[in-house]
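Going by the numbering used here, the first residue of the sequence shown is number 345, and it counts up by one from there.
It is worth saying that the hints were derived from the structure and are not from the lab.
Just to be clear, a hint being listed does not mean it is correct.
[As the list claims (entries may be wrong)] The calculated PhoX-like cross-link candidates involving lysine-lysine, where the alpha carbons are at most 25 angstroms apart (straight line), are:
{"id": "1", "residue 1": "Lys-525", "residue 2": "Lys-387"}
{"id": "2", "residue 1": "Lys-362", "residue 2": "Lys-487"}
{"id": "3", "residue 1": "Lys-351", "residue 2": "Lys-362"}
{"id": "4", "residue 1": "Lys-387", "residue 2": "Lys-419"}
{"id": "5", "residue 1": "Lys-440", "residue 2": "Lys-525"}
{"id": "6", "residue 1": "Lys-550", "residue 2": "Lys-487"}
{"id": "7", "residue 1": "Lys-494", "residue 2": "Lys-362"}
{"id": "8", "residue 1": "Lys-389", "residue 2": "Lys-525"}
{"id": "9", "residue 1": "Lys-494", "residue 2": "Lys-352"}
{"id": "10", "residue 1": "Lys-525", "residue 2": "Lys-351"}
{"id": "11", "residue 1": "Lys-362", "residue 2": "Lys-352"}
{"id": "12", "residue 1": "Lys-525", "residue 2": "Lys-419"}
{"id": "13", "residue 1": "Lys-551", "residue 2": "Lys-494"}
{"id": "14", "residue 1": "Lys-487", "residue 2": "Lys-551"}
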Amino acid sequence: NPIEERKKRLIRFINNKKNYVFYLILAIILSVSAYIRTRPISKLKDITTGTWTLGPDLDPFLFLRWAEYIVENGKLMVIDTMRNVPLGFNTSGEMKLLAYLIAWFHNFLSVFGWTESVTYSAILFPVVAFTLSAIAFFIFSRKVFSEESKIVQNLIALISTGLFVLMPSLLPRTVAGIPEKESIAFFFMFLIFFFFICSYTENNSKKSYLYALL
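Using the sequences and the hints, build the whole thing.
Structure, rendered in structure tokens:
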């Protein structure tokens with residue numbers, strides 16, 4: 345029976361190349377996630393100036409202003425005189441990392457000529473950052489079910505990641521043009537969970553301490 349023979353060949357191919365198949369599906373999930381999150385980009389041109397602007401959220405404009413200062417001066421100002429006037433705001437208190445990440449991301453894109461301005465880099469940043477978060481979520485989900493077979497681990501991780509990237513409550517905080525903390529915070533959070541489980545389940549003491557340190 346030709347149909348049955350094709351089924352057998354397909355099953356054999358999946359068994360032999362199952363890791364590649366799972367990673368291909370993961371790539372499709374990440375591509376769909378990025379596609380959805382990049383839809384607003386064309387609407388982020390300021391019609392009065394013809395330049396790029398961020399989406400309608402307040403905090404990202406602070407992160408963008410700090411990132412622009414870092415790109416121009418190499419580091420963030422110690423006192424932000426535009427906040428808590430007339431005393432100013434001590435920037436060592438909070439939120440420095442996100443501004444630096446946007447600045448570093450801009451510098452990286454600039455090397456390849458992939459960006460027009462710090463603002464455009466900030467527009468793209470949440471899409472790339474959330475893609476990294478989704479990958480971290482995938483490896484964390486797979487690690488949670490490490491006692492299961494490889495196929496079960498990957499299937500659970502793929503389904504979980506698919507639901508994660510399409511979660512409606514996350515979209516407004518991780519979409520292009522809204523460089524908020526959540527897009528990259530999830531990356532670090534799920535890596536923490538992943539290394540915690542690695543440390544907790546590792547029998548080799550040295551490796552366990554290394555995972556704990558990470």
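Verification of the supplied hints:
Distance check on the hinted pair: Lys-525 and Lys-387 sit about 22 angstroms apart at the alpha-carbon level, within 25 angstroms; holds. The suggested pairing of Lys-362 with Lys-487 holds, with an alpha-carbon distance near 17 angstroms, which does not exceed 25 angstroms. For the hint linking Lys-351 to Lys-362, the alpha-carbon distance of about 15 angstroms falls within 25 angstroms, and the restraint holds. For the given pair, Lys-387 sits about 31 angstroms from Lys-419 by alpha-carbon distance, which is inconsistent with the 25 angstroms threshold.
Straight-line distance between C-alpha atoms of Lys-440 and Lys-525 comes to about 11 angstroms, which keeps the hinted pair within the 25 angstroms bound. Restraint check for Lys-550 and Lys-487: the C-alpha separation of about 19 angstroms stays at or below 25 angstroms, so the hint holds. A distance of roughly 9 angstroms separates the Cα atoms of Lys-494 and Lys-362; the hinted pair therefore holds under the 25 angstroms criterion. Distance restraint check for Lys-389 and Lys-525: the Cα-Cα separation of roughly 23 angstroms lies within the 25 angstroms cut-off, and the hinted pair is therefore satisfied.
Pair hint Lys-494 plus Lys-352 holds up; C-alpha atoms about 20 angstroms apart against a cutoff of 25 angstroms. For the hint pairing Lys-525 with Lys-351, the CA-to-CA distance comes to about 47 angstroms; that exceeds 25 angstroms, so the pair is violated. Distance restraint check for Lys-362 and Lys-352: the Cα-Cα separation of roughly 14 angstroms lies within the 25 angstroms cut-off, and the hinted pair is therefore satisfied. Pair hint Lys-525 plus Lys-419 holds up; C-alpha atoms about 19 angstroms apart against a cutoff of 25 angstroms.
Of the pairs offered as hints, the one joining Lys-551 and Lys-494 holds, with about 22 angstroms between alpha carbons and a cut-off of 25 angstroms not exceeded. Pair hint Lys-487 plus Lys-551 holds up; C-alpha atoms about 16 angstroms apart against a cutoff of 25 angstroms.
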